[in-house]
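K.L.:
Sequence:
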Amino acid sequence: MATPEAMAAGFDLRALPPAFYEDPYPVYRLLRERWPVRRMPDGSLFLTRWTDLDRVYRDTRTFTSDKHAEFAPKYGATPLYEHHTTSLVFNDAPLHGRVRRLITGALTPRAIAGMEPALIALVDRLLDAMARRGEADLIEDYAAAIPIEVIGTLLGVPPEERGPLRGWSLAILGALEPVLTPEAAARGNAAVTAFLAYLRGLVARRRAAPGDPATDVLTRLIGGEADGERLSEAELLHNCIFLLNAGHETTTNLIGNGLEALLRFPAEKARLLAEPGLIGSAVEEVLRFESSNQLGNRGVAADCEIGGVAVTRGTLVTLCIGAANRDPAHVADPERFDVARSPNRHLAFAAGPHQCAGLALARLEGRVAIGRFLARFPRYAPAAPPVRGGRARFRGFLHLPVRLG
Numbered sequence: 001m002a003t004p005e006a007m008a009a010g011f012d013l014r015a016l017p018p019a020f021y022e023d024p025y026p027v028y029r030l031l032r033e034r035w036p037v038r039r040m041p042d043g044s045l046f047l048t049r050w051t052d053l054d055r056v057y058r059d060t061r062t063f064t065s066d067k068h069a070e071f072a073p074k075y076g077a078t079p080l081y082e083h084h085t086t087s088l089v090f091n092d093a094p095l096h097g098r099v100r101r102l103i104t105g106a107l108t109p110r111a112i113a114g115m116e117p118a119l120i121a122l123v124d125r126l127l128d129a130m131a132r133r134g135e136a137d138l139i140e141d142y143a144a145a146i147p148i149e150v151i152g153t154l155l156g157v158p159p160e161e162r163g164p165l166r167g168w169s170l171a172i173l174g175a176l177e178p179v180l181t182p183e184a185a186a187r188g189n190a191a192v193t194a195f196l197a198y199l200r201g202l203v204a205r206r207r208a209a210p211g212d213p214a215t216d217v218l219t220r221l222i223g224g225e226a227d228g229e230r231l232s233e234a235e236l237l238h239n240c241i242f243l244l245n246a247g248h249e250t251t252t253n254l255i256g257n258g259l260e261a262l263l264r265f266p267a268e269k270a271r272l273l274a275e276p277g278l279i280g281s282a283v284e285e286v287l288r289f290e291s292s293n294q295l296g297n298r299g300v301a302a303d304c305e306i307g308g309v310a311v312t313r314g315t316l317v318t319l320c321i322g323a324a325n326r327d328p329a330h331v332a333d334p335e336r337f338d339v340a341r342s343p344n345r346h347l348a349f350a351a352g353p354h355q356c357a358g359l360a361l362a363r364l365e366g367r368v369a370i371g372r373f374l375a376r377f378p379r380y381a382p383a384a385p386p387v388r389g390g391r392a393r394f395r396g397f398l399h400l401p402v403r404l405g
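Take the sequence shown: its letters are residues 1 to 405, numbered as in the numbering used here.
Among the hints, erroneous ones may be present.
Simulated restraints on C-beta separations [stated by the list, open to error]:
hint, residue 1, residue 2, range
1, Gly211, Pro266, 22 to 30 Å
2, Gly76, Pro266, 44 to 52 Å
3, Arg200, Pro343, 43 to 51 Å
4, Ala302, Gln355, 16 to 24 Å
5, Gly201, Arg376, 33 to 41 Å
6, Ala93, Arg345, 24 to 32 Å
7, Ala93, Ala310, 25 to 33 Å
Keep in mind that the hints were calculated from the coordinates and are not lab data.
The structure presented is a predicted model; accordingly, all values stated were derived computationally and were not measured.
Glycine included, each C-beta is placed from N, C-alpha and C at the ideal position.
Could you build all of it, start to finish, from the sequences and the hints given here?
P.N.:
Written out as structure tokens, the structure reads:
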């Protein structure tokens, strides 16, 4: 069996043993302590310290988000390549800024506050359905259902048409893992193709009958302008896919990871039950302690140094969010799960210009979903061992079976 010491000494994102996916944090700790700027076999760098990640996120002149050069050999001329090189998250200015401004215009504090009643109603319906059964899979029956409905509503996807969305999202995001198998590539390309076909029809319907641009993100993207320039058809369609994917997988993991962490740390669960007003800080601690998105990536646009290591232009850099969020140089007692931790500055939503545009919405979903579940089922307990998702980039569960008490 691979030990953390052995995994750290021979660390390679392209050859991770199964034990790593269950608990990567001992490996991250060793890397952070011994090899914080780790050169991997493919020549890329793996960063684990808070200060290095924060600097890379904010220095957009030295470090680029553009993935054309990186993704061309990985995907070839495929729908996955077209998608990932057109979405705002993998682009620099001007595309990134144009799309981001259009999206954030529909995610104002007022607009997000207006979503809360419908979110509470959705969560309560899901809780009622689980209560009737007495047991549930907290991923399939709960965590995954919430962001699909929220993002589906933001994009104006009719409820009866939302069935394929989660499968498409999982397939497309699964293709971002460090190792892309032929099977994962086939699933991802098929998902992009099907999603684009669906969106073309949805966009045509919305052009004929626009929604309210103050709350309808798709209407904003269709009709909005940033810097006097509208999105091209490809930019529009691929960034709709990005919105669903960004809001689905990470929020599903936030809810699932939070409810599982409270099972693992019963004293903190009891504390939150006794002080429900701590739900906001509890969600921040879940984001720090079990970051839904564990890895980010940048390219080096100019010769520089990182942590005292000389780095040449063109080097690829992996940012380990999961390690940085447990860096003792930044966080006191970082291995302790503390629902009242304050202050709690973490990198779960990245930093700088590419900080997650939907972070306020994700926080709202986490507070409502975890808080209302805990109030309704305070004695929930494991019904079977949880099943991890088996991914390095996105940390979460495939299944989380519980008895509801």
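K.L.:
Does each hint fit the structure? Answer for all of them.
P.N.:
Comparing the hints with the structure gives:
no., hint, verdict
1, Gly211 to Pro266: 22 to 30 Å, "45 Å, violated"
2, Gly76 to Pro266: 44 to 52 Å, "49 Å, holds"
3, Arg200 to Pro343: 43 to 51 Å, "46 Å, holds"
4, Ala302 to Gln355: 16 to 24 Å, "22 Å, holds"
5, Gly201 to Arg376: 33 to 41 Å, "38 Å, holds"
6, Ala93 to Arg345: 24 to 32 Å, "26 Å, holds"
7, Ala93 to Ala310: 25 to 33 Å, "27 Å, holds"
Hint 1 alone, counting from the list given before, is not met by this structure.
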